[in-house]
Structure formats: structure tokens, C-alpha cells
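Student: Residue strings, one per chain:
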Amino acid sequence: MQQKIVEFTNLLRKSGIRVSMAESIDAFVSIDELSLDDREVFRDALRATMVKRSEDIPTFDQLFDLYWSAFYDNLRGAFDSAVGSMGGEFDLEKLLQAIQQGLQNLEGQSDLDLSELAKALLTQDLSQLEQLIRQAAQGAGTERIENMLQIGFFTRRTLEQMDAEGAGRQLRDLARQLRESGMPDAQVDALLDLIDKFLEALRQAVRNYTERELQQRNFDYMEKFRRESLLEKSFYNLTEEEIRKMREVVARLAQRIKNVLSIRRRRLKRGKLDLHTMLRRNAGHGGVPFELIFKERRKERPKLVILCDVSSSVANVSRFMLQFMYSLQECFTKIRSFVFVAELGEVTPLFKERDISLAIDRALEGGDTINVYTRSNFGHAFHYFWQNFLAAVDNKTTVLILGDARNNYNDPRGWCLRDIHNKAKDVVWLNPESPSAWGFGDSVMDKYLPYIDVAEECRNLKQLSRIVDRLVL
Amino acid sequence: MFDSVDDVVGALGRQGYICGKNIGTVVYLATMLEKPVLVEGPAGVGKTELAKVVAQASRRRLIRLQCYEGLDEAKALYEWEYSKQLLYTQILKEKFAEAMAGSTTLKDAAERVGREDSVFFSERFIVPRPLLRAIQADHPTLLLIDEVDKSDPEFEAFLLEVLSDFQVTVPEVGTLESKHKPLVFLTSNDAREMSDALKRRCLHLYIDFPDSDLECRILEAKVPGVEQRLAADLVAMMQRLRKLDLKKTPSISETLDWARALLALNAKQLDEGLVRDTLNVILKYEGDIKKAHGELGKLLVKKAEEPAPAAPPATPAKKGVLH
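Just so you know, the sequences run in chain order W and G.
If you're matching positions, the first sequence starts at 1 in the numbering used here and goes up one per residue.
If you're matching positions, the second sequence starts at 1 in the numbering used here and goes up one per residue.
Same shape as in the complex, but just chain W (with noise of 0.2 angstroms):
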């Protein structure tokens, strides 16, 4: 059992859920203080010590069942209907008895020496079975299972580790024996047909038992795709799939920053007396200053405007952007968002009505304000923000541009940025190139370049992440 927890707890690990030592100690010592014939109970036991986050919580139950339920079920299964396999008449009660009869008559005659694989099949003891297979298995290193065409293989050396032959061959001895010693030969048949049965069964499981251990080891690798992968998986090729998963990344990530943040802000705190309340606090004290009461310094929280291109070559990321930055709008005292294509428009009224996967799928539509389908051009976009919007910034706020800089040839325009960065705290310009590839071609973005006070590639996850937590930290 014990051996069992740990190679569970591996597993565990493996697919990522976090179990210390400490927890699978408590799993182990409240199993003790269980009656394990409930196996709810049971599972419910090991969750509540080992699985402590509630997310894990899905992975925990596949991986349960996947370990514990279905092999000895299997197991039981495959012998149950070995015997009822035998026909009507058969009565497996009576031949063991038979058996046993006959094994006392043969007592110090012959030098019948069964394997322990043999005597559990002869008295179906299929726990001590299942510990036989695991640990051939083990030898057979059957963990180390790869893909589909490996099962055979695997099966048949755990068989060999476990010398299955040998023991149907000495069970098949001992029949033979008990023949000469006088069983009746209706039974002694019925027994080899059994043993012949038997040991279709024990391959059977043993094939069962590699294909879970196959499917155990997918398990982990699917997780770990999920879980890694898609933070590094460009923007450029996203499935549908890959970006419903990865709004739930982004807003894990999110979440943490948020964590983050609380700690940080909290380190600010101390800063000078702050008389007026101490006095006021201390007052019942007789003025005497038990309490010393500090003033908070806050940092001041940046205000934000986002213009985001929007055209289809970089949609996706200013989705995630968007996302991100709406996510953490307590980090910011206003939030502005603009799209452009080659026409500009404000997209902000629509986050106030709708929550935000709503409103970021209207705003990369162009929110009934622009026109999507036109060929980008940001010198265009740039100088309707410095004729309509450049009041929204002041030096307070920091300016995210989100885009390729493709202008399709048309004229950069680079004084109406230049003019933005004048009155700004700072620019920001995430762009999905490498900076390999700016001012080649139609790149503008080295015109753009001198007007900016940060410049990133930002083409997957984690570097957006790097640059979010930058920004409001």
C-alpha cells in the first residue's frame, strides 16, 4: 500500500500538482485512521492532504481513477470470466477443495516447489497478483513506454520478468501429479483448462496494465504542454482551442501580478509620522503617543492609453493585451483604448458595458468606429490621435502602442508620435517582429524609434507578461 501512495504521489508530481513530503505523510497517517473499504472516502482522503489547490482538483480525479479504480477491477474482471468461461457444470469451489486434497496426499512425496506467481493463481489471490505485476512490470522498466507500437513489446517482458511460463509449466507439473496420485481425470482436465485460462488472463491484465501505465505517461506529457507551451507559443498561430485556454492563462497571470502587487504596495507603506491622526488616536491615552501612526506613500498609479492595431496580421495580440491590461485595471487610475487600422477610433465606452471577452471580440471588430478591412497605415492613425486625442495625455500617462509598424508605404508621419512622447511619461511600443526585422521592407518602426521610450518584442505570452509586470510595478 505504502509503495503504492509514493509511486501515486510520483505521478502526481509529475502532472505538476506540488505534494511535499509533509503532505504525503499526512496522506499516509489519515489513511490509518480510515477504513479503506469506501474507496470515496479513500479518494476524498488523499485529496484533502495531498491536492491543495483547487484547480488541481480535475487532474487529481482523472489521475485517481487512471491509478487506482480500473486495474484491479480489470484484473478481477479478467478472472471472473476466465472461470465463468468453464461451462455450466464447472464448480471452481470443488475443485479446489479437490486440489487441496490432493496437495496433502502429495506431501513429502514429491518435490513440487510452486513459484509465488503459481500459488496466486492457483488461489486467485489478486492483490498479491497485482504486487507481482507491478513489480515486474517495474523490472521490465514498462515506465518508460513511449507510443502505441511499444505495448507488445513491454507486455511480453514483463511476462518474461515474471516467468509466467515457468509457472504455468510447474502448475501443468502439478497436474500431471495429481493425475498419478489418483484425481479423477474429469477434474484433473477441468484444471488444465483452467490453468490454460488463467494464464490468458494474467496476459490480458498484464496488457491492460502496460497500455494505462502508455496513457499515464500522455497524461503528463498533454499537462505539461498545456501548462508550458502556450506561454511560449507565438501569437501568430493560435488554434480557437489555444485561445480559450490561453484567456484563462492570461488571466491566471494576471491574478498573480495582482498578488505580487499587494506585497510590493505594502513594502511603500512607511513613511513619515502622520501627527494629525496619532495625536487623534492616542487620545484616549492622555495624549501620550502609544500608537505611532505613519503616513501610506503611494506610488502613484499610472494612467493608461492603449492604442492597438487591430488589422488581422496582429490581432490576436492585442487581444491578449487587452486582456491583460483590463485585467489589472485597479493598477491604473484610467484606462483609454484606441484601434486603428488606417482609421482610428475609441473603443473605452464598450469596456464599461460589457465584461471584457465580450468587449475585446466588439473591439477587434473596430467597435462600430472604423473600418477593419482597409490596409494598415499608422501615419494616418497616429496624426487623427494628435488631432482629436492628444488631450487624453498628459505626463502622468504612460502610451502603449501595439503594432508592426507596416505601413504599406505610406507616410510615417513620425512628428505627431514625436509630439506624444513630448507630453507623455513614456511610450511603450510592443511589436510581434523580432527587432531583426524593423525597418525592413515597409517597417517603419526605426523612424518610429527615436520617439519611443521602451521598444519590445512581444510575440508570446511570457514576454508580454515580462513587459505587463514592467509596467505596473
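Please note: incorrect hints may appear among the correct ones.
To be verified - Computed list of lysine-lysine pairs in DSS-like fashion (alpha-carbon distance at most 25 angstroms, straight line): (1) K245/W / K248/G; (2) K52/G / K222/G; (3) K247/G / K334/W.
To be clear, the hints were calculated from the coordinates, so they are not data collected in a lab.
Note that the structure is a prediction, hence the values are computed from the model and not measured.
We have chain W already, so just place chain G on it with the hints.
Tutor: Quick look at chain G alone, frame taken from chain W:
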């Protein structure tokens, strides 16, 4: 205290808290292993209620510590009662003079004051806050630390220290140890993720929205007057509402509120008009209500088609044997 998991489920049931085995298992383990339980789940599924009921079922006194931003040691553990100390010094002024009498040098006088200072830093002048009260109590207690996610990370670290060995050191007085180890329940709404260190020390219980069978039983236990047919319809509707993408998903407490409201209105069955009028009992955002109005036809039509919701009332009777 409890003999088995079923015993726990039964005892909680007698207090009017209907729950599945998963909750029973964790509560049972918590009492056996003397470990704190961290209860998480959506708002309104009965996390706080669980702690209260366990306290009643195990005859422990409930001590509650409500967490909020800015909660610190002084408000959670203990505080010196400055004003009382001051008052005592005023009253005892003459005694001091007596004690000082005969001291010739300043050093001598300070020496004498020093000898007496334990009078002012004794348990008499400590205001015990919930944590200290739980530790000092003469009888078994259940300490409920509610909405621990609202507290600051520093407080969490401090909490760890107290939860690990249930003793508190007051520098001037010494170490105070607990006579009975309190049973501790922490609840969290996931406003922020708790640190791994805290989670490691706790058993974890996630209470989710109940399935329709369980919800029916809860409804019957909590709102006795409600008709079975109505209860089944109501629960079926709630289960469907939860599948919508709402800003605030209604939970058990909303179901109970709604049932009570319908009872007060003397409703016999759910119809569209009634639902439309009372929807604001279960949905707390204008947007959500609008959305539900839009889907209302679908929610109700569905019910007419499938006879399934009629079945649940039969099962509770059978399951009642559990208690």
C-alpha cells in the same frame, strides 16, 4: 468525538447541514489528525456554516476571527490595555510613593520600580483577541478564521506560526500554551491564492455547488414548508442557471432565499411571470438578470420537455437512511 465518516455526516445532518461524504471525510480527518482545514469554494455554498455546525455537533465553543485587509497581530492575538494601565498608575500613585519611600538615590528608586513592573505587564492588562482566546480557553473550542484570503500576506505568515504549535509568547509574561488544541477552520473565497506553506499545513476541502439531488435535500431540510414538486422545479432551474455564463453564479444560499420568497408569495409552481418577478432574489447584477430574462423561455421550456426533475423528490427519502 466522531467514530467514523458516516457518523460525521449524520451528526452534521442532525444540525441541519446536509452534506456528502467528501465533507464528512475531511471533517473526520481534521478531528483525528488535529489539523486545520482550509475550506475553499464559491461564495454562498456554506463554508462558514460548516464551521459553525461542526462546532455545534462536536460541542465546541465557536471563536470567530473575521479577516480583512489591515488586520494585524494586535487585533488578532492580544493587545496591552494602555488606558487601563494608565488608570491603574493614577489610582495607585500613593502606593508608589510608599514603595519609593526611603530610597535615597535615583538608581535605588529605579531599581524598586523595576521590581514592581511585572504588576503592569501581567495577564490582567492583556486584552485577549480571538486567537489568544482560542488558546487560553478552558473548554474545547473551534476557531473559525473567516475569509483568510482577505488578510495580508504578513498576517498569513504570522498565522502559520500560531497554527503550527498553538502557543504564543508574550515577551513580558512568558509562553502561553493551549490547554485544548482548538479545531481550526479557515475559509477562503479565492480572492488571492494562499501561500504554499499555509496550504501544506492544512487539509484542503473544496466545496462546490451541490448536484440537484443534494440541493433538493438541503432545500427540504432548510425550508420545511416548501412543496416537493416546487422544490424540484426550483432546483432544476437553479442548476440550469448555473450553466449560464453569469457574473455572479447563484449558490445554495440564493436557492434558499428564493424558496423562502416563493413560500412567502404562496406560490405553488414556477411559471414565467413569477420567475421574471422574483429573479432579483437570486441574481445580483443587472446584466445577469437581463441575460437570464433572455434565456428564460429556454430554461422553462426545457423543463416541460424532460420529466427528469420530477424524479429527485423520490430519492431523498431513500437517501435519508444515511442519517
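Student: Looking at the structure, which of the earlier hints fail to hold?
Tutor: Violated: none.
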